[in-house]
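Visitor: Line order of the protein sequences matches chains A and B. Residues in the first sequence are numbered consecutively from 1, following this note's numbering. Residues in the second sequence are numbered consecutively from 1001, following this note's numbering.
Simulated from the structure, these hints should not be mistaken for laboratory data. Any given hint could be a false lead.
As the list claims (entries may be wrong) - Which residues of chain B face chain A? A few of them, derived with a C-beta cut under 10 angstroms, are: (1) F1003; (2) N1006; (3) I1134; (4) G1257; (5) G1575.
Every value quoted in this text rests on a predicted model; they were computed, and no experiment measured them. Glycine residues also receive a C-beta, built at the ideal position from the N, C-alpha and C atoms.
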Amino acid sequence: MAKLTIEELDKLREKAVDKLRLRESGENRGRVIVHLGTCGIAAGGRQVLTALLDEVEKQGIKDITVTTAGCAGLCSREPMATIELFGQTPVKYADLTAEKIKKILAEHVVKGKLIKEYALAVGSERVG
Amino acid sequence: MPFRLNIMLCTGTGCVSNGAFPLLEAFEKEIKKHELHGEVAVIPTGCNGFCAVGPLVVVQPDEIFYQRLRIEDVPFLVQEHFLKGRPVKKFMYTPPETKEPIPVMSDIPFFGKQMLIALRNRGLIDPENIDEYIARDGYKGFTKAITTMTPKQVIDEVKASGLRGRGGGGFPTGLKWEVAFNTQSDEKFIIINCDEGDPGAFMDRSIVESDPHSVIEGVLIGAYALGVKQVYIYVRMEYPLALKRFYRALEHATEYGLLGKNILGKGMDLEIEVHRGAGAFICGEETALIRSIQGFVGEAQAKYIYPAEKGLNGKPTIINNVETWANIPQIILRGAKWFASIGTRGKNGDGGSTGTKVFSLVGKVHNTGLVEVPMGITLREIIYDIGGGIKNNKKFKSVQTGGPSGGFLPESLLDLPVDFDELLKVGSMMGSGGMVVTDEDNCMVDMARYFLDFVQSESCGKCIPCREGTKRMLDILERITFGQGTEEDLVKLEELSKLIVESSLCALGGTAPNPVLTTMKYFREEYEAHVKNKKCPAHTCKPLITYTIDGKICVEKGHGCGVCRKNCPQSAIAGELKKEHRIDPAKCDKCGICYDVCKFDAIYVD
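Chain B with its partners taken away, still in its complex shape (with noise of 0.2 angstroms):
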């Protein structure tokens, strides 16, 4: 008997932590009591990219979407959809405008928007079983390069997509592999690079989680073209689900002779090696990475060299990330116009920024979550449309795009296309695909701070003004944001972030100071007022703000009721009941406890 439902049970690591393994036991039990398991399959996926409202699950064929499920709704659930066929309304998702349950996946703006390549089987498959990856087209892209296609054929179709890397630099991959292709040597490399290294961004995490084979089939692709036998994937040891899939994958894939020798019985080798980092942030930049699977310190190279001629162990290796490698069976099954179609494309017809990237949607914005949409899209689409717009109906303030040396967007550049070279010139970058979203509550200089403090920390220190400026760059946020800033610190700042940008060896410092950089330009005002007034416009910076009773709103609308003095856990609060209350600043530590629980909006801060 065929199964008549699919219930598609997204694993990704959001909804592991979500609880959705004890789920997915749950729904067994339950469709074996209703004796049901014969006509209704649950099968676990990767992730949706919806992790906001998990753990959820898809009913397939008719895509009706349920969202933050607990194992007590199980019963429910079973009983009146999959026995009764009546889906269950209050496990839809409800936006917050409209209040009605809108039942269908694909007509929740979240997922209306977006455009699936390199994510394309995410939630549709499951992530262990290679027959659902090969229904999926799984293997026709590589079968196609090996049968009809030679090397220089797949190498110039990759260039003729346009299609750029997807880690951050955004260099243009056939060129990438065209200079290796050029390069003579016995032996050459491939790298899948997956240490995702970005606070908030997990990108590769989720497509090697939800389709690892598209990350193998492209590589075998990139192998053919290249003559490569030797693979490498370098993983971040914080990925347990990630490494145990792709695992799964790699004994899958050898199982079917599709790693290994003499591939589908075409000659050709290949083996895959997984690497795991121990977390160093700088291992995301190529030649660090190299460094650190040959045994050494993570530390950049000089790359006056590229290592597409000359990397690991002095060969020529191309290193491309995970969400690139997922892009390439694609291309090469649909053809580089189809994708080259996708995106934004420069004046003459090259360049520009082809096809999708995904992006990892998160900070002060209804819906977060992972969202792979088509490149030229505006920022105002991803934050507004797909996003669901600003939490608690606050404002909007900035975007910080690129991970955490990325540049922070005012509301005036929402409506940029996001686009590798736009982002560039705005002060910003594409980076791997860190999206967040502040609003009016947050601090600029305090997240310039924050980002600062992140990057100085991860700072592999080869480099002195990477190591020794960012830290100086600190030191003067830290004191401003206490107090003690003064407008010469503004102008150490700028001569400071040119100086690291420009003697840096790599990234990681040619892009430290992006996030102080644009906050100077974009929020001028806020520096100008933690510096010139001692004050912090969003109230976050502790030492610059001071909670105020007013006398007159207490007595007349409060009777002095005293329920900021008795909560006041300084005991700084004094007053009697039916008289005015009074902060002793000297006490006050600023937690914000009289604030929140005045009833009659008699405390302010300023």
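Extracted from the complex, chain A is given alone in its bound form (with noise of 0.2 angstroms):
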């Protein structure tokens, strides 16, 4: 590594930023959940989540939380993913791929444009 000047310092720290975004509470605009139960793995929601996480680089998509959680509950539609972008109603999605991902986070989540074909729901149950 060469001796840095500020501007390079700068530079440095903006690519730096990228990867501690994880750990920082920031402004955020929602989250995508892949549900990771026993059934959607073996129904291929790994896959799912692999193209996710991709696409959302590739996109180079910042403000949106990629996460797992656990069987919804409906495993024979499985692989499952609830979109949850803050101040909406959350919205799950059935029998995804790797393909059908990819087309909800550019129009669902970067546009706003709910896919209704791919959706199950929107809504979501409710607790207690």
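Got two chains here, separate frames each, mind docking them using the hints?
Guide: Structure (structure tokens):
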């Protein structure tokens, strides 16, 4: 590593900030939850998650958290994912593939347009 | 593919001694087994602060806190949480009162009341990775200083912040810098004081272990302001992990051109040299520390001339504690006004104690560990809200602030704001931030004796009142705890204390009698019980207590079961089944085993 100038240090910081974004409670628009219960994994949930993470990186999306959760309860329609954009009703998508999740990311998460034909339901079960 | 989870694993000294490194390996192995290594990263961090419940991890981005992890817990945790996204309740922190696990770290009261400036990167970065420090505004304060401020402006900013030395004395840092700035000399030095000697205190160690670059950046700013080219850090030999991480940080900073010649292309030169202390308490005192670096015996020197004017090699030398240095980058970056808005201020809007202070909270509280709180917070908030109160439903007795020569404060002073001047007023001090909490089972005479014993053996021996006076005081306290004290001894203790405080060169002698003076002031009745009635109310001083069996309870409830007799290592208990048992005081060595094993509470201590 060559010695840095101030400009190079600033550039290096910009790059490093991305790596630490996960640990900061910053401005976040919402999260994508991939359901990875035993059923979800068996139905190919891992591939959906990998494709999603790759796409998030490719498009440079920084204000969305990708996370996992257990079985959503409807094992026959796995792999499933829930899109939670803050201030909006969560949407569950079923029978996912790598292709479908990429499209959901582009349309629903980025542009805010729900993809009706993939969606299972709008809203979540009540808790309690 | 970006990581979706960061597992922040504490590798501070506390967690390391509880097995953090084998745990790290286990996590990495298990994550690989599930082919999660492209999605889930394990990051070793510095001390998280909640040492009482280590080894611990914080799972980001959701900030899920897991405690007391064992290697055998790893497979389950990785599968349930990291793979399937189901946080595992049984590894979460569960407060003793509610029995309901708290998943998120900042919801745990221990963390909720803290405010981090010196420790702002703890648990958030890998201390051995300079890029992660840089990402968290690292070296931004320094670049701001060299590009937009003159040296004088830097000093004025530090002065305006109200920052006072975190090592003990609380001398205004900006003022110290100004003295060195105004002293003409061809050469000036900076020393980082990391010779942390207080028993049970580990603030500086933790900062160097969790965020070494914050100290380097602080020093860079100071060096720019004062025109210093050579810096020394004086580190205790007993801090191997801190040393390792500091060396690593020096290496990286040099590689990036943040140390060495022509720093950041701005023409500034700076070298930092590590000096390892051999473990003498006195070497935390600045003049003794300077002597030690020069190769002499660590002895305090008279300070009618400040080291800021004439220190190392007779040149102006700024010595500041690790925590003080770690505050500097934030003060420059965020401004003196911001810093001064935290903490307390004097009547005229100056003085007071600004910013935060790191304390190591130890003793009889639930949550022991390292806490950083805004100045002006009350002792009660630290002990009860953050510390979670006294263990085992015992009653609070005292808190000692300021290390071995700090004072013991009673319950009536718990609402005292933590502030340099307020603590001095009641006979204690801020010190470097030790905080030892005692409960009803601690004898205050014995506590005073214990800490005086420490200070006495650490006296450098230069000043006779400190060397001989503390020894005589210790003799008297030992006599009192053995039941041979007289009322005259109490008068003598006070006289000696006064003399030592007045006639010692440095703060070691100047504060050594504090534990005795404060316990005599706030817990006088305990001294009198020892001296007049030859009793120890806390039942700690063995020569003053007796164990007795209540014959009636022994026979009626316990039917002379004989468990005490069988367990007594001295064979001091006589009796037969169904008959009353008795302890022979001549044989009893007061180990307390009989008291512990009696199921019928027939044995009492007096």
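Visitor: Against this structure, judge whether each hint is valid.
Guide: Results for each hint:
Hint on F1003 (chain B) holds. Least Cβ distance to chain A is approximately 6 angstroms, under the 10 angstroms limit. Against a cut-off of 10 angstroms between C-beta atoms, the interface hint on N1006 (chain B) holds, since the closest Cβ of chain A lies about 5 angstroms away. Using the Cβ-Cβ criterion of 10 angstroms, the hint placing I1134 (chain B) at the interface with chain A is satisfied: the shortest such distance is roughly 5 angstroms. Residue-level restraint check for G1257 (chain B) holds (minimum Cβ-Cβ distance to chain A is 3 angstroms; threshold 10 angstroms).
About 61 angstroms separates the beta-carbon of G1575 (chain B) from the nearest beta-carbon of chain A, more than 10 angstroms, and the hint is not met.
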